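Model the full structure from these sequences, guided by the hints.
Oh and the sequence shown: position 1 is -6 in our numbering, straight run, nothing missing.
Note that these hints are calculated values from the structure, not bench results.
Just so we're clear, the structure is a prediction, and the values are computed from it rather than from any experiment.
Where is the CB? At the ideal position from N, CA and C, for every residue including glycine.
Just so you know, not all the hints are guaranteed correct.
To be verified - FRET-style restraints, in silico, Cβ to Cβ:
(1) A90 / V6: 46 to 54 Å
(2) A(-1) / V130: 52 to 60 Å
(3) V122 / V50: 15 to 23 Å
(4) S184 / S49: 16 to 24 Å
(5) A(-1) / C109: 23 to 31 Å
(6) T5 / R70: 53 to 61 Å
(7) V4 / K216: 22 to 30 Å
(8) T5 / V122: 37 to 45 Å
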Amino acid sequence: MSVTMARNDGVTVFTVQSDPQSRWPPVCQILKSLCYSPLCCSVSPYVRKTQGKSYSVLGAMQIMIGLLNLGLGGTLRASPDTDWQLNDSEFPYWLGALFITFGVMCVLSEKFPSLCLVILNVILNLAGVGFAIAAIVLYSIYVSRLRLRIIKNENWKHFFASHYQQLDVTTAPTTKMTTTTRSRCENVLWSDQVLLIGMNVVLIVLSIMELCAVISAVVLGIKTLRNSAQEKNTFFLQNVENTKPLLEEVTSHSTA
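Laid out in structure tokens, this is it:
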């Protein structure tokens, strides 16, 4: 589809030649011709040659980090020890979804190496630097606000009294039974706290890995754009040097 413009006496006329074989209406064809550029959106051999195979590794790493954020972060979200303000933000879910999106873009930019995808990938990974830092900060706040549950004597007595009333037990528990049960419950609570802190530390480490991955993707994308431009200029200069003797020979024959 081609678009031509003519100006005459303050009037601008656009002439649009639509594609009769296209199923899209003329308005969509005009938008496509304005937004789609074969130079930017088509697969470039120069970009494919210069970017290498590192994008798929970075993309797979980011997808894995995003899935772990969804799994482990969902477990932290479901814990009753989590601060309610962090629960309301739902940050493990949208951070995991964003990390997966960044990884998918890295994989797509390697499978379909075009200038448009590489530039979009660089922009998204630049935003990913901020989101990775936000993940580190949020998970660190989670650790600082983690409520450590300690069984106090009055709470323990109330728990035992209500428990035995529900069971309709006439014989009161002995002191040995009370001490043993309390010790077991405290061990379970501390194990739960250690597990939550361990998962949180893993998520902080994964967020640091995500930060390194997005920075590497940005650096790799900038190098790819620069090297592809240099490769294209080198190829153009070589073609000019190769065609110059032919032009001189044709000129000499025409003058003779």
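Tested hints:
Checked against the hint of 46 to 54 Å, the C-beta distance between A90 and V6 comes to roughly 47 Å, which is consistent with it. Take A(-1) and V130: their Cβ atoms lie about 57 Å apart, and the range 52 to 60 Å holds. Checked against the hint of 15 to 23 Å, the C-beta distance between V122 and V50 comes to roughly 18 Å, which is consistent with it. Checked against the hint of 16 to 24 Å, the C-beta distance between S184 and S49 comes to roughly 40 Å, which is inconsistent with it.
Range check, A(-1) to C109: about 30 Å between beta-carbon atoms, so the 23 to 31 Å window is met. About 57 Å separates the C-beta atoms of T5 and R70, a value consistent with the hinted range of 53 to 61 Å. Taking 22 to 30 Å as the suggested C-beta distance range, the pair V4 and K216 does not conform, at roughly 48 Å. Hint check: T5 to V122, Cβ distance near 44 Å, so the stated range 37 to 45 Å holds.
Against the hints set out earlier in the document, violations occur for numbers 4, 7.
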